[in-house]
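2 protein chains.
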Amino acid sequence: MSEIDQNPDLRIEAEEGSYELERSDVSAILLAVERGDQAQLTARMDPLHAADIADLLEQISSSERRRLVHLYDREFDGEILSELDESIRDEVIATLRPEVLADAVRELESDDVVDLIEDMDEEKQDVILDVLEDNDRVAVEQSLTYPENSAGRLMQSEVVTAPEHWTVGEAIDFLRAQDELPEQFYHVTLVDPRHKPVGNVTLGKLMGSRRDVLLWEIIEDVFQVIPAMQDEGEVAYAFNQYHLISAPVVDEDERLVGVITIDDAMIVLDEEHEEDILRLAGVGEGSLSDRVINTTRQRLPWLAVNLLTAIAASLVIAQFEAAISQIVALAVLMPIVASMGGNAGTQSLTVAVRAIATKDLTGSNMWRVIRREVLVGLINGVVFATVMGVVGLVWFGSPALGYVIAVAMVINMVVAGLAGTAIPVALEKFGIDPALASGAFVTTVTDVVGFFAFLGLAAMVLL
Amino acid sequence: MSEIDQNPDLRIEAEEGSYELERSDVSAILLAVERGDQAQLTARMDPLHAADIADLLEQISSSERRRLVHLYDREFDGEILSELDESIRDEVIATLRPEVLADAVRELESDDVVDLIEDMDEEKQDVILDVLEDNDRVAVEQSLTYPENSAGRLMQSEVVTAPEHWTVGEAIDFLRAQDELPEQFYHVTLVDPRHKPVGNVTLGKLMGSRRDVLLWEIIEDVFQVIPAMQDEGEVAYAFNQYHLISAPVVDEDERLVGVITIDDAMIVLDEEHEEDILRLAGVGEGSLSDRVINTTRQRLPWLAVNLLTAIAASLVIAQFEAAISQIVALAVLMPIVASMGGNAGTQSLTVAVRAIATKDLTGSNMWRVIRREVLVGLINGVVFATVMGVVGLVWFGSPALGYVIAVAMVINMVVAGLAGTAIPVALEKFGIDPALASGAFVTTVTDVVGFFAFLGLAAMVLL
Chain A
1 MSEIDQNPDL RIEAEEGSYE LERSDVSAIL LAVERGDQAQ LTARMDPLHA ADIADLLEQI
61 SSSERRRLVH LYDREFDGEI LSELDESIRD EVIATLRPEV LADAVRELES DDVVDLIEDM
121 DEEKQDVILD VLEDNDRVAV EQSLTYPENS AGRLMQSEVV TAPEHWTVGE AIDFLRAQDE
181 LPEQFYHVTL VDPRHKPVGN VTLGKLMGSR RDVLLWEIIE DVFQVIPAMQ DEGEVAYAFN
241 QYHLISAPVV DEDERLVGVI TIDDAMIVLD EEHEEDILRL AGVGEGSLSD RVINTTRQRL
301 PWLAVNLLTA IAASLVIAQF EAAISQIVAL AVLMPIVASM GGNAGTQSLT VAVRAIATKD
361 LTGSNMWRVI RREVLVGLIN GVVFATVMGV VGLVWFGSPA LGYVIAVAMV INMVVAGLAG
421 TAIPVALEKF GIDPALASGA FVTTVTDVVG FFAFLGLAAM VLL
Chain B
1 MSEIDQNPDL RIEAEEGSYE LERSDVSAIL LAVERGDQAQ LTARMDPLHA ADIADLLEQI
61 SSSERRRLVH LYDREFDGEI LSELDESIRD EVIATLRPEV LADAVRELES DDVVDLIEDM
121 DEEKQDVILD VLEDNDRVAV EQSLTYPENS AGRLMQSEVV TAPEHWTVGE AIDFLRAQDE
181 LPEQFYHVTL VDPRHKPVGN VTLGKLMGSR RDVLLWEIIE DVFQVIPAMQ DEGEVAYAFN
241 QYHLISAPVV DEDERLVGVI TIDDAMIVLD EEHEEDILRL AGVGEGSLSD RVINTTRQRL
301 PWLAVNLLTA IAASLVIAQF EAAISQIVAL AVLMPIVASM GGNAGTQSLT VAVRAIATKD
361 LTGSNMWRVI RREVLVGLIN GVVFATVMGV VGLVWFGSPA LGYVIAVAMV INMVVAGLAG
421 TAIPVALEKF GIDPALASGA FVTTVTDVVG FFAFLGLAAM VLL
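Read top to bottom, the protein sequences are chains A and B. Start counting the first sequence at 1; every next residue gets the next number (the numbering used here). Start counting the second sequence at 1; every next residue gets the next number (the numbering used here).
Calculated from the structure, these hints are not laboratory results. Just so it is clear, CB atoms sit at the ideal spot from N, CA and C, and this is done for glycine as well. Be careful, since some hints might not be right.
[As the list claims (entries may be wrong)] Beta-carbon label-pair distances, calculated as ranges:
(1) A:A102 to B:I218: 26 to 32 Å
(2) A:D253 to B:H165: 32 to 38 Å
(3) B:G363 to A:E34: 15 to 21 Å
(4) A:D253 to B:E285: 29 to 35 Å
(5) B:H70 to A:T358: 23 to 29 Å
(6) A:R194 to B:I218: 34 to 40 Å
(7) A:E180 to B:E183: 26 to 32 Å
(8) B:I218 to A:W367: 54 to 60 Å
(9) A:S61 to B:T358: 33 to 39 Å
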């Protein structure tokens, strides 16, 4: 107990409800930085987890960050680098003195070093590789031979294995005799004589079984082998779908080369989701700590696509200038039809994009889902067409106008359901990420159809 | 090895690249169902993981599902129920014979039973509780006393603990002497005499340490205690932020009541993300397997809000009917200004909503982020204003019109950056989920400002 009391710094306070950094803590730290008070800064920073320090560094201004890192550098923990956003990380690495950086990097596990340096240019990579111990450097270099975002990049090369014919007793004696075991491991992986993984035994099962039990009698029911070339998104999917805790990674000859654990998979799952959300909004990768000019550039392509979309819609409107100049109410009402279609389309497409990502929308049920979305569009279309027909009638006193807007609304919302589902499915078929591109297509369709249906009907009925 | 070869069914084939159910497998299964061929159906279903069977059940039609469950019911595994979407799950439970359901439920861990029955009405809950063994029923009932979506609902009550003063040898002997250990556990939790958790020792460290080492000498650096009343979203955040593998759950007196493991946290993280994406699109919870009428109802409120928004924008347009009837080009061009603002606003708000969820956007850096987004809006606004000014000039041959649309565009995109950040921040302050409500507010602002700026400037300059 005494040791624990001496180390209160190592624990994160469990405030009920929130893990957010307290604004007062941030202020106290910035005050210490401003005053150049190293002792105070260290006292304030030490209780924080590396992930929280990384968040803090991301939230303060660039000049505060430089001064903080400078003042804190003797204590600088390698894990903080792993946790930082890329843009900030490069800046911090440039600020750290070389010997501090070397110390920080040497503390990291090989898979974290890979994550740290994989996007650096070769020159910077070499600086970091040079400070590593030989076996770590080999592991990192090996990992870097696999493609970016592959299982090979994600895995750690340290695996605890046992021959498939061993008993529980043999495995326990073997483990107890090791000088050094990996920091974190949950399974002993059974391998055949060719070093092909054939099963996993959890440490808990090992602990709970008699010495004479054969390891293969207590292997896990679910055992998933990951090919080293598999995309990390698929790896995360497998962990999430099959509730894996760790999975062996194999090369092309099915030989064991490493292991991926659920904590790595969870990080990937989180990143993939983040990417999906941002892509759906046309934001690309990016984070709050990117430089303004980079953010501006990232968002520009999507806005450019949207401008073309909007101009296409305007060209449709331009065909009906004569009608609009006679009945200005058309100009007043037409954005409503387009907007409702756009929203209904976005609803359908978001559901479809998610269902594709979670493999719930497949070739087997595509037509059922499309029919379903069209039906939802039709029902909601009729509801809002009725509302809007009445609004049109009351506002402009013209039953014909009310009728026109109601029919246009139904048409556009049915089209929205159809386009919102069919477009992402089609993009996926052509190998284009539906999260990235669906939005532009779907709103183009709902804008064009919305304006055309409303103005076209109006021109036919009202003029 | 022989046992493994006899059990090829237990492994999931590691196809490179994809875990999606093969369409041919689905067809073969449906064919077996159609023919009433129980042997063939069982042969086809057995190799599948419960999660894949659940996906299959979600993807087929309701009548196919009923026949499949009926034909397969002798083999029906409780885990399939856990993996099913709620709407389908109720249907399947209603289809299963009572004794099959009882068998299926008895196979589940107590936290999975909680997940299964927490949304049922009391009568149905009792049916399931009655089939459980006494200690399981008590654990489930205990868990149900905690609020929905709390850590208490998420935890398993089986925890492996050791007194804080024990040595590695004592702990190992204790574990080896147990008749039954939990299915999955990764840590031994050290407790003080009041049963308050004070540290975690991983099984790997236990295996790798000498018998005379004290447990508190090898506790994990990062130790996070979770209050039972904490929201599950915060729990998932803590696991993701601090890379936890398992964490003890405590009651109000800080006494140990259960444990949450990373696999449960990963499921919650996945659900929270799903919710965020769907809420941003105004879809609410829902899934592809909900009934059409439920989906229609879920989407209706958001469309209703959008209708009000669109009508508000139309009221702005209506103020300028005179201007539009003189210059119809205004009607043609005005949707472009609104649309560009809407898109830029959605970009800003998505980034802001995500940053709030990951606690990267806080009181400490709010103003810096708002300034940043406004600047991004200004730069992109100037770029697209220039493009659009030229388009306006060439298309309608009026320099004044080009100038008006350019200025309106800059105004609206700056406002988009401001509203896209400030509105989610403000909603969060008032305790409203920014993912749910921001979209409607932001597009209202960009529509109204877009139409007002463009038409207002046009009325001033061009008439």
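Non-conforming hints, listed in increasing numerical order: Hints 2, 4, 9 contradicted; others consistent.
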